[in-house]
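Participant: Start from the sequences, fold in the hints, and give me the full structure.
One line per chain: the protein sequences are V and R, in this order. Counting in the numbering used here, the first sequence runs from 14 upward without gaps. Counting in the numbering used here, the second sequence runs from 7 upward without gaps.
One thing to keep in mind: the hints can contain errors.
Just so you have them, the derived chain V footprint on chain R, three or more residues with Cβ under 8 Å [to be verified]: (1) 81 to 87; (2) 134 to 142; (3) 253 to 266.
What the hints contain is simulated information worked out from the structure, not anything from laboratory work. Predicted model, so just to flag it, every value in this text is computed and none were measured. Quick reminder that beta carbons are idealized off the backbone N, C-alpha and C, glycines included.
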Amino acid sequence: MKWGGKLVQRLVQLGFLVALLGTWHFMTATGTINPLLLPSVPSVWTKFVQIVSNGEYWPHLKITLYEYLVSMCIFVPSGLTVGYLVSRSRFTVRTFDPLFSGLYAIPQIILLPVYILYFGLGPGSKIAVGATIGFFPVVLNTIAGFSSVDRLYITAAKSMGASGFKMFWSVMVPAAWPVVLTGLRIGLIISFLAILGTETIVSLSGLGHRIVTLAELLNTSLMFAYIIFAVMVAIALNFVVSTAEARGKRH
Amino acid sequence: MRTIAQPARPGGFREGLSRVVGTRTADWVAKPGGTRLLIVIAFFIVWEVGVRFFGDPLFLSPPSEVLHGFFILLGEPKVIAAVTLTFWEIFIGFLLSVIIGVSIGLPVGLNLFSRRSLFPIILLLYATPQVVFLPLVILYFGIGTASKIAFGVSHGIFPIIVTVVAGVQNLNPTLLTASRSMGASQRQILRWVVFPHMVPSLFTGMRLGMTGVLLGVLLAELYVSSGGIGYYTRLFTDTFAPSKVFALVGVLAVFAVILNELCRRAETHFNRWRG
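Facilitator: This is the structure we're talking about:
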């Protein structure tokens, strides 16, 4: 079965990327497409190297990261606390879990106009959107994690005389941890994307705002360089968070 | 259902409540659904009272005003047209997502080689943050309807492709070999073996895809819009008409909930044959 081998698969994947870049290069080099709409590959590459090497990206990335960190400081503790409190009794779980999952089904981005009305065009509205969007996966998974701890563990720990705190810290938390971690991963990733997105839609600063400004100036090669940069930041974040999750589950 | 509401300790919450409002009401309130409804009602009351007495009418509207704003909006044909346009964008975007998603997902998923080599590329594309491409989509498709549909489709197809591939992947190879050895044609296999197995995951994918399309269309609408719902949310935000903003957001939220519920119902319905 040589045809299905690993090497051939990698070759097909590589071939796909090469074909994509090749078509892009060919289209721009022959002048089929207006360079204002699609800049040439070398020009984008030069710009990309330029913004990374002279640190031009930093003031924009700094603001995005600031918004991200603040929203994280809001939704992680509040999601964990609310989720844990709800998970304490079956009654509250059955009351609140459908409420939260129902709200989660609504794309929370529609709250953006309301948030802009309250928090203005600056970082405030982005933090609010990021916190709202990150909150739901955290709270839902915390509820799911803590409410599905095996009764047997709890009974066993009780019969061995575990105190309230000991029970929480040595039984409940380790048992719920994997599910909670998954919620944290999803929340951390989608809140970053939401912040990037709201910056794109309406903002005064940040990475998303930079991309929009460049689009409006029709400086497309620099815009492409920033898009590639933003995609790489998101992929790096995805990688870090997923690795942390995998490591946290192993313990 | 009843068993959850059993903390009938003497002097418990429900006991005390039943003394005040009667046993039947207390029973009803003590059910999760009843409590949930009460919480929602309480939320609206707090909102109403809080805003009436402490809020700034430029920024916050009490629910009664929002309802009033909703009826004012109903009387404005331009707003109705904008809402209808947005619904059409979502509908067409969803339709295209399903068609494109299935026609990419099936060939990729059915063949082991193409699955192993192409699926990672699709997953990679799925993981990229699509919002940063929004200005580009506007640049290519203009500020009208086309860009909304395109952005909705780009958000909607990936969940559909991924679930279709996953659904086909879980197909028991014995079934394929058996039907082939009994002389079924390629088309018959698709219709009678692959399709029924794919349907449940297809509907899961359609539900996720619908969420994606909704998100994509709304993002594009909010970014720039010439006649859709995004135009009016921006107009009402800029002119400080919070009751109308809330009314529009409410309409969208209700719409999202209905779509989600429809897809969920279809999903469970088509899952029944497995028993």
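Participant: Which numbered hints does this structure break?
Facilitator: 1
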